[in-house]
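J.: Chains as they are written, first to last, in the numbering used here: chain D, -18 to 349; chain H, -18 to 349.
In case anyone wonders, no lab produced these hints; they're calculated from the structure.
Keep in mind that the hints are not guaranteed to be accurate.
Note that identical chains are pooled: a pair holds if it fits in a single copy or bridges any two copies.
Unchecked claim - Okay, derived cross-link-like pairs now, DSSO-like style, lysine-lysine, Cα gap no bigger than 27 Å in a straight line:
1. K257 x K288
2. K288 x K162
3. K257 x K143
4. K143 x K191
5. K162 x K257
6. K233 x K288
7. K143 x K89
Protein chains: 2
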Amino acid sequence: MTIPPAQVGMRVEEVDTPALIVDLDAYERNLDRMVSSLGGSSVRLRPHAKTHKCPIITHHQVSRGAVGACCQKVGEAEVLIADGVRDVLVTNQIVTPGKIARLVALAKKAVVSVCVDDAENVRDLDAAAGPVGVRLPVLVEVDIGPHRCGVDPGEPAVALAKLVDSSRHLRFAGLHAYHGKAQHIYALEDRINAMEAAIGLTAETIRLLKEAGLECEVVTGGGTGTYQIEAASGVFNEVQPGSYIFMDVDYKRVEGFPSTFENALFVIATVMSRGKEHAVCDAGLKASSIDSGLPTVWDRPGLAYLKPSDEHGSLRSTDSTPLPRIGDRIWLVPGHVDPTVNLYDWFVCVRGGYVEAMWPILARGALR
Amino acid sequence: MTIPPAQVGMRVEEVDTPALIVDLDAYERNLDRMVSSLGGSSVRLRPHAKTHKCPIITHHQVSRGAVGACCQKVGEAEVLIADGVRDVLVTNQIVTPGKIARLVALAKKAVVSVCVDDAENVRDLDAAAGPVGVRLPVLVEVDIGPHRCGVDPGEPAVALAKLVDSSRHLRFAGLHAYHGKAQHIYALEDRINAMEAAIGLTAETIRLLKEAGLECEVVTGGGTGTYQIEAASGVFNEVQPGSYIFMDVDYKRVEGFPSTFENALFVIATVMSRGKEHAVCDAGLKASSIDSGLPTVWDRPGLAYLKPSDEHGSLRSTDSTPLPRIGDRIWLVPGHVDPTVNLYDWFVCVRGGYVEAMWPILARGALR
Chain D
-18 MTIPPAQVGM RVEEVDTPAL IVDLDAYERN LDRMVSSLGG SSVRLRPHAK THKCPIITHH
42 QVSRGAVGAC CQKVGEAEVL IADGVRDVLV TNQIVTPGKI ARLVALAKKA VVSVCVDDAE
102 NVRDLDAAAG PVGVRLPVLV EVDIGPHRCG VDPGEPAVAL AKLVDSSRHL RFAGLHAYHG
162 KAQHIYALED RINAMEAAIG LTAETIRLLK EAGLECEVVT GGGTGTYQIE AASGVFNEVQ
222 PGSYIFMDVD YKRVEGFPST FENALFVIAT VMSRGKEHAV CDAGLKASSI DSGLPTVWDR
282 PGLAYLKPSD EHGSLRSTDS TPLPRIGDRI WLVPGHVDPT VNLYDWFVCV RGGYVEAMWP
342 ILARGALR
Chain H
-18 MTIPPAQVGM RVEEVDTPAL IVDLDAYERN LDRMVSSLGG SSVRLRPHAK THKCPIITHH
42 QVSRGAVGAC CQKVGEAEVL IADGVRDVLV TNQIVTPGKI ARLVALAKKA VVSVCVDDAE
102 NVRDLDAAAG PVGVRLPVLV EVDIGPHRCG VDPGEPAVAL AKLVDSSRHL RFAGLHAYHG
162 KAQHIYALED RINAMEAAIG LTAETIRLLK EAGLECEVVT GGGTGTYQIE AASGVFNEVQ
222 PGSYIFMDVD YKRVEGFPST FENALFVIAT VMSRGKEHAV CDAGLKASSI DSGLPTVWDR
282 PGLAYLKPSD EHGSLRSTDS TPLPRIGDRI WLVPGHVDPT VNLYDWFVCV RGGYVEAMWP
342 ILARGALR
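Just chain D, with the same shape it has in the complex (with noise of 0.2 Å):
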């Protein structure tokens, strides 16, 4: 873990860069906006922690409501549950014997819950689980269009929950229909068509399951970009948004209701050398992810961060906006939320110009 770059108390002037900012004020708007546009619903909230990594945040959530985390990773769920976090979905499948063994240990000391999509991993975690005494919460993954992981929706959907539903040290819990593609299409009416079709889908396999006796407590799916439309359906109980939290320029472009969440996450930098038509600030592709985009210039129009190198950023003036100067700073808001703060072990928050906390990024690189 790198030296902190701020302390508690410093003016924001102070912070040493390249450094990850939290705009606490606008945080909790989002925090609190996430609540209020589910209000009134069933719909549970259950944020995903492969946004942030860091169990504060985890709790920020819990404390307004949201019924525990998300996460991806087994070394994600055993720094949240370290940390008191009680009630953790995997979201994704867990297949090797030292992941699964690791899995099911946490599943004593917390409500854990992992996504299946397969028969033999299926009797691998059922093999894991008992000698542990656990019984395992476990979810059917069902692709509903973004094909990537999950079974097939309808009849291979409810053969896979079958085997679940009779393996001795399982219970089965539901689905997990996550359509991680339509989150970043930015036309709200081709999203909402994405995701009819994938609901359509969603709604078929339980009515199949009850068919077959088999009841979903839990259907969850729903990301930043579509969480509205899942939690509308009548078909989902559960809702996984994560980077609504921070916001990106990605998010940003989606229409609709996620463009109303703020940004709250930058990183601040500093401008080390200048040209006669450039700045260069000290924020490169160490600093910020670009693989959904550049980073752009927080609140100072005219000014475009172009294509970084290693450690290097490039500063441009798109109109008659003067450059700045060797030593001023600036602020980027992140292409891509996720992948971003990743790279950070700090998040330091601020608020009215100052310094209010320093979370620890306790799963940066949780990647196992």
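Since chain D is already given, all that's left is putting chain H on it; use the hints.
T.: Frame of chain D, contents of chain H only:
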């Protein structure tokens, strides 16, 4: 720092995934190949530590004759020097008061030099070095083509060098003339042409400096893509390649001498889901940086890794090659070595099918 994915003595098949693997035989051949490629020349080797962020590797390089290390950040220099590296060039501008204070503090413990491209920065360095009692070696960075940092070659460089030379607590140590863009020009002839112009500008600046009574003790540049061109120029007396120790997909595309280095760094991944036409492995954007292109699958012709999501990578067959099964392990060659290494805390070093060493990536995340 995350839990290590392996222990010394394990079989490679037991290493948890995703993990960053160093093939020690290939790595050591790369170290030796670099030394022999410079053999007989008086050009010094100062490999760049931004690639590996691991003092153990710098020690290997120094034990084979390197004069020290380059790095980009004061935080990297701190880690290297704390681990016993005795000569570090920061190939970058250090402009903020906090970082300058840390830089001159380091200069009490080891030979530390730094680059400048701005007169005010020269005065700031001088003012900070005095009270600490160091005389800091300073290189003038010249922009010989890439238009990132650096003053213009010729008179502007001479003027800045004079200012350094007249600064009581600084010592003019020479020129930093690195052409980052040229490293990745794939065609050898085009690369040589780009470097011919750059070397001409460097030589002319050296000539003007000599006229002004300023000798360049050091003229440094040259990464893995061009270092042989600088080394053969008669103009440069130091080169700073980094990626040659490991290579990556992008550098393997660079024709000529760079491609003689071997792939020695891999991300191992496990297949966790399988559809009819694709398989999914557990290594996505948080396991391998895609800024310079996707990873490729090592030693499995007919198998392609497609656009990843945060924690998943999709594998497809490009011919009639059967898809891997759940639990199968694949080796990926990272698209871009430096930002990929920066995602991990451990190098898992293997030889003959066993884990021989675990090297902590101590400067991972040392962004500041």
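J.: Output the indices of the hints that this structure fails to meet, ascending.
T.: As far as the earlier hints go, not one is violated by this structure.
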